[in-house]
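Student: Listed below, chain by chain, are the residues.
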Amino acid sequence: GAGVSQSPSNKVTEKGKDVELRCDPISGHTALYWYRQSLGQGLEFLIYFQGNSAPDKSGLPSDRFSAERTGGSVSTLTIQRTQQEDSAVYLCASSFDADSGNTIYFGEGSWLTVV
Amino acid sequence: AQSVTQLGSHVSVSEGALVLLRCNYSSSVPPYLFWYVQYPNQGLQLLLKYTSAATLVKGINGFEAEFKKSETSFHLTKPSAHMSDAAEYFCAVTKAAGNKLTFGGGTRVLVKP
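For the record, the sequence lines run as chains A and B.
Each residue of the first sequence is one higher than the one before, counting from 1 in our numbering.
Each residue of the second sequence is one higher than the one before, counting from 1 in our numbering.
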């Protein structure tokens, strides 16, 4: 597709359940990022992948959060045993590579509500 | 460590008036600076970016920003606000190595007719 594609766009889940959020980056982009946008916390970096390098997981808030990127393209962010404080918009983004200054393109986000 | 401060979480302007959104950064290395806009229920869209070329950067929709190293600022301006400019605006910085964005808290712009 032309842009970063995320699914689902909205997800309501019960506390304690696991959720998976999917991101399909722009074709040809080797760098992929996950951010979280929530009230009171603003926009937070979670994790990023660059080619075949080990991902930078420095922003993941707890070990309940994990992400993988298969085949250097599609990425899945998994949240285990969801808590109410996980409610947020999860934004995926991609860029041509991870060189600073390269434009990072964002998807429209996956809105997660934990009830 | 790097950080970004946006002064004013909400700004109200009249249609046709100047839009000025303030952004100050701190960075231990020369920064790359960005402004993104977020319309309701949408993702982030790049308005403009500074990558050490010209200090005055022109972006989409009539916006521009000026990098001032002495003031560690990257304020966003538009001479004449339009109703369609109502959105939330985010300033962001990356460091020289790696491309992770650090965002400011955002400024929500309301345009009054």
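Read the hints as simulated data drawn from the structure, not as lab findings.
Any given hint could turn out to be false.
Stated by the list, open to error - Computed Cβ-Cβ distance ranges for the label pairs, DEER-style:
no., chain 1, residue 1, chain 2, residue 2, range
1, A, Glu-85, B, Gly-62, 36 to 44 Å
2, B, Glu-71, A, Glu-68, 24 to 32 Å
3, A, Glu-14, B, Thr-5, 19 to 27 Å
4, B, Ala-53, A, Glu-85, 27 to 35 Å
5, A, Ser-62, B, Gly-62, 17 to 25 Å
6, A, Gly-72, B, Pro-79, 23 to 31 Å
7, B, Pro-79, A, Lys-15, 48 to 56 Å
8, A, Val-12, B, Ala-54, 42 to 50 Å
9, A, Phe-96, B, Pro-79, 45 to 53 Å
10, A, Leu-39, B, Ser-12, 38 to 46 Å
11, B, Gly-8, A, Gly-72, 39 to 47 Å
12, A, Ser-5, B, Ser-14, 33 to 41 Å
Stated by the list, open to error - Stretches of chain B that chain A covers, calculated by requiring three or more beta carbons in the stretch to come under 8 Å of a beta carbon on chain A:
no., region
13, 76-85
14, 102-109
C-beta atoms are modelled at their ideal positions from N, C-alpha and C, and glycine is treated no differently.
Student: Does each hint fit the structure? Answer for all of them.
Tutor: These are the hints, each one checked on the structure:
1. A:Glu-85 x B:Gly-62: 36 to 44 Å: Since Glu-85 (chain A) and Gly-62 (chain B) have Cβ atoms about 39 Å apart, the given range 36 to 44 Å holds.
2. B:Glu-71 x A:Glu-68: 24 to 32 Å: violated, 43 Å
3. A:Glu-14 x B:Thr-5: 19 to 27 Å: violated, 38 Å
4. B:Ala-53 x A:Glu-85: 27 to 35 Å: violated, 41 Å
5. A:Ser-62 x B:Gly-62: 17 to 25 Å: Violated, at about 42 Å.
6. A:Gly-72 x B:Pro-79: 23 to 31 Å: violated, 44 Å
7. B:Pro-79 x A:Lys-15: 48 to 56 Å: holds, 49 Å
8. A:Val-12 x B:Ala-54: 42 to 50 Å: holds, 47 Å
9. A:Phe-96 x B:Pro-79: 45 to 53 Å: At roughly 32 Å between Cβ atoms, Pro-79 (chain B) and Phe-96 (chain A) fall outside 45 to 53 Å, so the hint is violated.
10. A:Leu-39 x B:Ser-12: 38 to 46 Å: Violated, since Leu-39 (chain A) and Ser-12 (chain B) (Cβ atoms, about 21 Å apart) do not stay within the stated range.
11. B:Gly-8 x A:Gly-72: 39 to 47 Å: Because 41 Å falls inside the window, the suggested range holds.
12. A:Ser-5 x B:Ser-14: 33 to 41 Å: holds, 38 Å
13. 76-85: Violated, because only 0 residues of the region 76-85 of chain B bring their Cβ atoms closer than 8 Å to Cβ atoms of chain A.
14. 102-109: Coverage by chain A holds for the region 102-109 of chain B (5 residues, Cβ < 8 Å).
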